[in-house]
Structures are given as structure tokens and as C-alpha cells.
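**Q** Following the hints, complete the assembly by docking chain B onto the known chain A.
Protein chains: 2
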Amino acid sequence: MQQKSPFTEHLRSSECRARLGEVRTAHGTFQTPIFMPVGTQATVKALTPENLKACGAQIILGNTYHLYIRPGHELINQFGGLHQFMNWDRPILTDSGGFQIFSLKDLAKITEEGASFQSHLDGSKLFLSPEDAIDVQQALGSDIMMCLDTCIPFEADKKQTVESTGLTTRWAARCRNAHTNRSQLLFGIVQGGMYPELRKQSADSLIEIGFDGYAIGGLSVGEPPPKMYEMTELTVPFLPEDYPVYLMGVGTPQDLVEGVWRGVDMFDCVMPTRNARNGTLFTSKGKVVIKNSRYRADHLPIDKACNCYTCRNYSRAYLRHLFVSREILAYQLNTIHNIHFYLDLMAQMRQAIKADCLKAWRQDFYGRLNGE
Amino acid sequence: MQQKSPFTEHLRSSECRARLGEVRTAHGTFQTPIFMPVGTQATVKALTPENLKACGAQIILGNTYHLYIRPGHELINQFGGLHQFMNWDRPILTDSGGFQIFSLKDLAKITEEGASFQSHLDGSKLFLSPEDAIDVQQALGSDIMMCLDTCIPFEADKKQTVESTGLTTRWAARCRNAHTNRSQLLFGIVQGGMYPELRKQSADSLIEIGFDGYAIGGLSVGEPPPKMYEMTELTVPFLPEDYPVYLMGVGTPQDLVEGVWRGVDMFDCVMPTRNARNGTLFTSKGKVVIKNSRYRADHLPIDKACNCYTCRNYSRAYLRHLFVSREILAYQLNTIHNIHFYLDLMAQMRQAIKADCLKAWRQDFYGRLNGE
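For the record, the sequence lines run as chains A and B.
Anchor point for the first sequence: position 74 equals 74 in this note's numbering, and the numbering is continuous, going up by one each time.
Anchor point for the second sequence: position 8 equals 8 in this note's numbering, and the numbering is continuous, going up by one each time.
This is chain A alone, in the form it adopts within the complex (with noise of 0.2 Å):
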């Protein structure tokens, strides 16, 4: 059963796949190709929704696994929900779950049923089906939900990999079944590992059984950038034109750039928080690793290039004293640095397509990286 397309395409480049569009949610409609900051436990790590907004945050992610875990989703119910608990009212995407419970390795078990695993926090034992995650999603009342998955290594062999997709559809079924709030999205999964035949069976499985949008994942599981790469390039194609396509979990500035090249939507990643506070900064000419000494008396803001609040009122000078004093301003101020970077440059590809110039725009992206 096909559904009715939350997307709509506005202008498709001359040179490649790459287009411009919008995704309609029950909290507003976000411009696509975007990248979604990612709010693990119903925050964006060291950010108010007030910095989120400023630095242009159309849409952001929920990680489900640690909600289900701590507060729990009863109680984000109790309080209307995600975005009212967090006080985020634009769109929020949840994912499943599924690839936190492979990040735990032997810690959990996967059957035919569900993921059995234990929690992170308590080692307390825990299950989860394909129910209880749609179930859990929809407690938590977030826009667009993910169909629990299951994801395998890069090293993953034939065999295994047919399996763990065979399984991945039969669960994406059993999604769709439990998804009865129809306010909110649903999207599936493609799994296929590294194989282009299981890639397209997955895609078709999926388009059969219909969803809202329809997510590539099983990438950036320790594959070379060029591997992820030709497998966004070939899995894109299968999917329907007419619906979102989201890259999971991906990337680097050059794998945002690369994919929208290659006509993804959507991004999520937490590099850019993650690397906020270790200190790394994203530039237009590179990262900048603000604690080096080289900076002591450095007045200048981390990219002149950049005009977010931190780069308007801070010099790298002052951002290397809070970071090596450990201030926990440092990781605000950087936090607010790079999500503004990546939010800028997805802002800056919607402009290039639009003005159909996404080639020279590439061009100059990889010539300022390169210092040319």
C-alpha cells in the first residue's frame, strides 16, 4: 500500500542527481537536501533550541534506544511527547534503535522476534520488537519514525548479509503493520550490505510494502569513503523519485557534498557535536583543532568565512582559553560553530541547485578545503 508522498520536488540539477524539495511533517515542512543535528537523550548536546534555531535547524533527530532506556517513553508521553518535554517545536525524526543495539555487539542478540540486549547504563536486561519500536516512536510523537533494522559489519560475508536483510524486510512489514498514528511518518530502511543485487532486492521489498520515505542504511560501518560512496550512487536509483531518500548516520562536509551529488535528502551524524566538544572545528578551509598553541593569541574567529555567533563575537584566542580551562561555555560556543557549518553548507547546496550550479560550487568547496 502505497502511501501518499510527504515530499515534493522543486528543481532537479542539469548536472547530477541532486535536487531541491521539502518534506511536509504534523510540526512543518523542512527544505531538503538537510542535515539533522542529532539530540541523543532530548538534547542536542550542549545547545537550547533557541541556538538550534539561530544556527538554522530545520529538523532534528531522537535517538529512540536511549529514550527507551532513560527517561523511558511513558514518561515522554505523560509530557505530550518529545517536543514538548524538550521544548523543540519544529520537526523531530526518531530512528529505531536498531543500530545502537549493533553498536552493542555481544550485548545483544538478535532473533526472529526482536533484539534482546542489555542496557548501557544498568546492564539490565531488555527487548525490543519491531512493535515495540514503532510502539515506542509513537510514544514519543516524533514526526518521521525509522523501522527497526538490523545492521551488520562492513566485513560481513554473503550469506550473513542475505540473512540480516531477509530479516531487516520481514521486520519493516511488521513496522508498518503496528503504525497506526498516521500524523506521524514512516520510513524504511534499505539494508544489502555491500552487495548491489541484495541493495535492490531490500529497495523493492520495502517499495512493495510502502512507506513515507525510504532510508539507505548499513553505510559508515567502516567502509572506505569511496565504497560509501558508489553504494549511495547505486542504491539511490532504485528508490522512487517521488519520496525522500535519507543517508544514515553520514558524514564529513565531503560526504554531505557527495551525497547530495548523488540524491540524497536527508543527513543525520554527530560529528559535528561530537567533534564540537573534542575541540575540532569545521572551516571552509579544514578543521581547525582549537586547543593547539598556535592560537594562544590568535584574534581571529575560527572561520572569517562564517557568520554564526560564535565567530561573530569570539576569537580562536578566547575559544582556546575556555577549551583547555575546560569551560563548559567552550562547548557551547563550539557546538554552535560547527552545526551552524554544516546546516550553512546543506543551505549552501540548496542555493547551488537552485541557481543550477552545483559542479562549480563543488569545485570551489574542494578547492578552498584543498588551500587552492
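Please keep in mind that the hints were generated in silico from the structure rather than gathered at the bench.
Cβ atoms here follow ideal geometry from the backbone N, Cα and C, with glycine treated the same way.
Among the clues, some could well be false.
To give an idea of the chain B side of the interface with chain A (calculated C-beta under 8 Å), a few residues [claimed, not checked]:
1) T43
2) K45
3) A46
4) K105
5) D106
6) N313
7) S315
8) H321
9) L329
10) Y331
11) Q332
12) C357
Derived coverage of chain A by chain B (criterion: at least 3 residues anywhere in the stretch with Cβ under 8 Å from a Cβ of chain B; other residues may be distant) [as the list claims (entries may be wrong)]:
13) 62-75
14) 309-317
To give an idea of the interface, some chain A residues facing chain B are shown, with a C-beta separation under 7 Å as derived from the structure [to be verified]:
15) T43
16) A54
17) E327
**A** What follows is chain B alone, placed relative to chain A:
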């Protein structure tokens, strides 16, 4: 040599020594009685300057000892001073480092010439004379500088107190002589331990030297609150009425009320910021320890009577979730509340003095606190 006072008294309570006034500085005028949030390392921990202004902060405090050690006053001076370095355009008071050196205990040695001490960061040997303390504060460019003083524990005997207070007076004269930038104000610090006659001697000597304001030092060093109130009550009348009076390092909300009642114009303390980071939140009805499981599903704000950003937007349940999850946002939201609480308390007292009803207000304050 008496300076022209930066203080104007507007109104005096008919019920007690409390008074309404203002202090003029190079970065603008602030209303008294006032509380100054502490910004130890060129940042009020967890807050941006915009957060501080939204909380109503008119003046903040910087720590000479910490900034001298890291990043260094010469570096800050290269950036045009502490205001520009940290992006704060309202008044700043810097302490002299005396109290921090006192806190180093065995790592510090006081001689006639100055204080030898070891850095708490790397153990390196450092020396600060009264002249150095002024040089450092002039390089920082604060609006109000403090003389380098010597501090003694509550238990000090009379001989020790006489010696220490005498040295503080001689150092105050040297600070006055070293003070060359007259756009910066300089306050003297009354010592004298728990001995009324030594407090009087100390005050008289400082008045003879002549300062832009007078601080009461050496309290909040372990004495019980009634003793602190007693020493404040007897010291304030030793000071000239037309100059601002600053009670250093004080205190709890009750301490502020009792200080204002006894004629104090200015206060500073790490209590609201430090307690916020420990999850202890001030309210009109007492403290809320936010990690307590009783707040797990509590829909109420920290304090229904509070109008701060945190109370307007977040439940106790959400704040508890952030705190037990050790999210950085917890420290921001908690600090915003506690600083707003302290600054609002002062604003309420200014209002009560203006309406000449401080006695009734104080009775209400204790009534609310005791749940009456």
C-alpha cells in the same frame, strides 16, 4: 587623598541601614544593592553574556589570580582587556587574588613584599606584590579593582590578626600608589578578623589613604552566620556613607537579605553557579535538589514564582533527566535559574527599599522560606 565618589545614594530605608543607590563606572552605571555573578576564568560558568543579560546581570566579577595564571593578563591586554576578550560590555569588578592565595594554604607564603605561591595548575612558583596585583588588574582593564589583601582564618588569634591587618593596610597604600589608570576604580578592603577595634582601625587607615569604595573582607571564612551578620553590622558604620560598601564572597540568599538590611551595597559569591552545577536550585520556598526521584515525573517548573528562561520553558522532570544524564544543557539551564533567582532577589529588595517596606518584605521572605 579622598577621591570623588562613584556612588550616589538615592534613598535610605526608614527601617534599617538598607539603601538604594548607583555606582558609575567606565562601562556604565549599576544599581545597588547588587549581586555580581562570578566569572572566574573569563566566563561565568555555563552562561553566555546574552544569558547573563537576560538574567538581569549588571556587573560581573573576574578572578585576578586565575586570569594571571591562565591565560595571563598580558594576553588579555593584547585583546583590549577582559571586556573585549570575553565579549562582556557591562561593568567588571576584579578581585585582587588575595583570597585565592589564602585558599592555597601551605602552597603560599606571605612576606612584607608580597605573596609567593605555587600555581594550582602546574605547581610553578609565582610571586604577586601589591603593585603587581594592580598592574595585572590594570592590564585586565576592569572597572573596579581590589587592593591585594591578606586573609586569615576564623580561628586567628589577636596577635595574628593585628599583624595581618597591618600588612593589609600597608599593602593598600602601595596599591593606591601603583594605581595609575584613573578610569578604573580602586576599592580598599577592611580586615580585622573578628575584633571590632581592629575592624575600626583598618577602616580608619583605609579611609585616610582614600579609595573609591570599601569592601568588608575576611568574612565567610568559616564563622557562623550570626557572627558574620554581627561583624557586618558593626563594620558598615565605620565606612563613609557616600561610598559603596561591598561584602566580599557572600553568600546564601539569607546572607544577602541580612547584608542589605545592614547597609551593604554589593555582593559576590560562587554559590548560585556552583550549586547549579551540583543540581541544587534555589527557590522562594527553599532548595530543590533536582536529581531527587520525587521530580521524575514532575510537570512543574523549578519555581512557579520564577520568570527565568528555564522556568518558562522546562519541567522539573526534564531538568532531572538532563542532570542525571549529565547533559551539558543541565548546567546551562540550572545556572540560568540560580543566577536569575539571585538577581531577582536583589531587584525585589531594591523595589522594597524604594517603597520603604523592606521590613515587611523580609518577613515575607522568611515566611515563604519556612513554608508559612
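**Q** Now tell me, hint by hint, if it's right for this structure.
**A** These are the hints, each one checked on the structure:
no.	hint	in the structure
1	T43	5 Å, holds
2	K45	6 Å, holds
3	A46	4 Å, holds
4	K105	23 Å, violated
5	D106	24 Å, violated
6	N313	5 Å, holds
7	S315	7 Å, holds
8	H321	4 Å, holds
9	L329	5 Å, holds
10	Y331	5 Å, holds
11	Q332	7 Å, holds
12	C357	37 Å, violated
13	62-75	holds (count 3)
14	309-317	holds (count 4)
15	T43	5 Å, holds
16	A54	10 Å, violated
17	E327	5 Å, holds
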